[in-house]
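Trainee: Listed below, chain by chain, are the residues.
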Amino acid sequence: MNLIDGTHVEAVRRIASEVAGPAADSVDREGRFPDEAISALKKGHFMSAFAPKSSGGLGCGMVGLAAMCEALGEHCASAAMVFAMHQIQVACIVRHGMSQAFFRAYVAELIERQNVVASVTSEVGIGGEMRTSLCAVETRGDRFGLVKDASTISYGAQADDLLVTARRAPDAPSSDQVLVLVRKADYSLEKKGEWDSLGMRGTCSPPFKMTSEGHSDQVLSQPFADIASHTMVPFSHILWASCWLGIATAAVTRARAFVRVQARAKPGTTPPTALRLAEVVSTLQSMRANVDHVTTECEALMTSQEGTDALSSIAFALKMNNLKVSSSQLVVQIVQQALLICGILGYKNDSKFAVGRHLRDAHSAALMVGNDRIYATNASMLLVLKDD
Amino acid sequence: MSDEIRQILKEHGRLSVDAITLGDDDDLYKAGMTSHASVNVMLALEGKFEIEFPDRMLKRSVFETIASIRDAVAELKPG
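Taken in sequence, the protein lines are chains A and B.
The opening position of the first sequence corresponds to residue 0 in numbering that gives the first Met the number 0, with each subsequent residue numbered one higher.
The opening position of the second sequence corresponds to residue 0 in numbering that gives the first Met the number 0, with each subsequent residue numbered one higher.
Source of the hints: derived by calculation from the structure; they are not laboratory data.
Glycine residues also receive a C-beta, built at the ideal position from the N, C-alpha and C atoms.
Take the hints with a grain of salt, since some may be wrong.
To be verified - Taking CB as the label site, the calculated pair distances span: (1) B:Glu-49 / A:Glu-111: 38 to 44 Å; (2) B:Lys-76 / A:Gly-144: 44 to 50 Å; (3) B:His-35 / A:Leu-366: 18 to 24 Å; (4) B:Asp-26 / A:Glu-212: 23 to 29 Å.
Said to hold, decoys possible - Straight line, CA to CA, 20 Å or less: simulated DMTMM-like cross-link-like pairs of lysine to aspartate or glutamate: (5) B:Lys-58 / A:Glu-305; (6) A:Lys-385 / B:Glu-74; (7) A:Lys-208 / A:Glu-108; (8) A:Lys-385 / B:Asp-25; (9) A:Lys-385 / B:Glu-51; (10) B:Lys-29 / A:Glu-137; (11) A:Lys-52 / A:Glu-128; (12) B:Lys-58 / A:Asp-386; (13) A:Lys-41 / A:Asp-159; (14) A:Lys-385 / B:Glu-10; (15) B:Lys-58 / A:Asp-308; (16) B:Lys-58 / A:Glu-108; (17) B:Lys-58 / B:Glu-45; (18) B:Lys-58 / A:Asp-225; (19) B:Lys-29 / A:Glu-305; (20) B:Lys-58 / A:Asp-387; (21) B:Lys-29 / A:Glu-128; (22) B:Lys-29 / A:Glu-111; (23) B:Lys-76 / A:Asp-387; (24) A:Lys-385 / B:Glu-45; (25) A:Lys-318 / B:Asp-23; (26) A:Lys-52 / A:Glu-111.
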């Protein structure tokens, strides 16, 4: 990470500990949007962190973004996930829309106004299969209409604009998809249910029926299949894994503090929890090593000419999928161990060693795109991948 | 070779149109081929032509059209 990105990461770290953290319990308890954290991030111009410096953004790389997500994840996983999901949408626009005048103007607006963008991919009737859509863009002259029954839209009610997947046209096959930016003034959301979940309660992700229209300029011209493999999937898996790494790190930090308190109470004896702490610290290192390695490699591929080709390869897709499934399993394993170490003080919510929220938030990881779905995709790819 | 490729696409490509009617340069993904189906197409091609696609060739662009598939197979099976 370069020096400038490092400065930005430090600033987000301060927002995480001074703003997101103190509000985290309330966000979780009430299942409310993490207003305080998002406002602070907007004030620091971090919603446009990935936008290029030449346009007025911070020009942060993947490594910097990942560090920001991890820092936020340590203090409020919901705030971290909202931030991460927004960055994924911005990355899609910045990496695939700059040849289109509309999107260049939109990025400028996003930098100035710090618009929050939500993702509308999942759809009633197709589950979490991102590369399939039922709804279609209906073109009327130079305008379009798009109605989508979304099974979940994270922070849909709080977002400014939406990035929506849909079939290219009413007669297009279900996997022939485009990505459309839908503006706040041009869409309405009908809430179809609640978001009262085990964890990630502040992501406010109920189902919505979205009715929208706009100008055909708002459709990204690159096929969604390419946007997905080049950007949406790698950014999603890396930034989510970074949020989860933050959750795991926070839980281990509490477990470490707990064990030190036990040790100080009886100097000369090693508390039994110390062995379990040694175990979980090792597991955390493995999780971190995987996230860091894949993040660094991905940034290198994305910023080099030859690397771009590798982004469409099956080998790259496999690696990205592996990061997701592995991290989603390790975060639960790590937090669970931290809970065992902290015992009743970890189990109680009103304790400085509480890890209940961390555990509940961690359980979302295996479900946001179900791991079995991802493993099935990997299994299919391994039928042809040679590792040559 | 194009006919054999079309036959494989017909059997495994799960296209929304009849593969036999597709032009050499028609976009197979726009014709409904999913990533999953493309893996089955790759397997069938490897079996039929007794070739192995190296990892560097396992990307979307190689399997985008009948023409691009033909070029890939020809590269691996000269003569």
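Trainee: Look at each hint and say if it fits the structure.
Mentor: Status of each hint after checking the structure:
1. B:Glu-49 / A:Glu-111: 38 to 44 Å: 59 Å, violated
2. B:Lys-76 / A:Gly-144: 44 to 50 Å: Since B:Lys-76 and A:Gly-144 have Cβ atoms about 48 Å apart, the given range 44 to 50 Å holds.
3. B:His-35 / A:Leu-366: 18 to 24 Å: 21 Å, holds
4. B:Asp-26 / A:Glu-212: 23 to 29 Å: 27 Å, holds
5. B:Lys-58 / A:Glu-305: Between B:Lys-58 and A:Glu-305 the Cα gap is close to 14 Å, so the pair holds against 20 Å.
6. A:Lys-385 / B:Glu-74: The hint holds at about 18 Å.
7. A:Lys-208 / A:Glu-108: Roughly 26 Å separates the two Cα atoms, so the pair is violated.
8. A:Lys-385 / B:Asp-25: 28 Å, violated
9. A:Lys-385 / B:Glu-51: 9 Å, holds
10. B:Lys-29 / A:Glu-137: Between B:Lys-29 and A:Glu-137 the Cα gap is close to 17 Å, so the pair holds against 20 Å.
11. A:Lys-52 / A:Glu-128: 34 Å, violated
12. B:Lys-58 / A:Asp-386: Roughly 14 Å separates the two Cα atoms, so the pair holds.
13. A:Lys-41 / A:Asp-159: 13 Å, holds
14. A:Lys-385 / B:Glu-10: 24 Å, violated
15. B:Lys-58 / A:Asp-308: 9 Å, holds
16. B:Lys-58 / A:Glu-108: This hinted pair is violated, its Cα atoms lying about 35 Å apart.
17. B:Lys-58 / B:Glu-45: 15 Å, holds
18. B:Lys-58 / A:Asp-225: 11 Å, holds
19. B:Lys-29 / A:Glu-305: 26 Å, violated
20. B:Lys-58 / A:Asp-387: 14 Å, holds
21. B:Lys-29 / A:Glu-128: Between B:Lys-29 and A:Glu-128 the Cα gap is close to 18 Å, so the pair holds against 20 Å.
22. B:Lys-29 / A:Glu-111: 37 Å, violated
23. B:Lys-76 / A:Asp-387: 18 Å, holds
24. A:Lys-385 / B:Glu-45: 12 Å, holds
25. A:Lys-318 / B:Asp-23: 32 Å, violated
26. A:Lys-52 / A:Glu-111: 13 Å, holds
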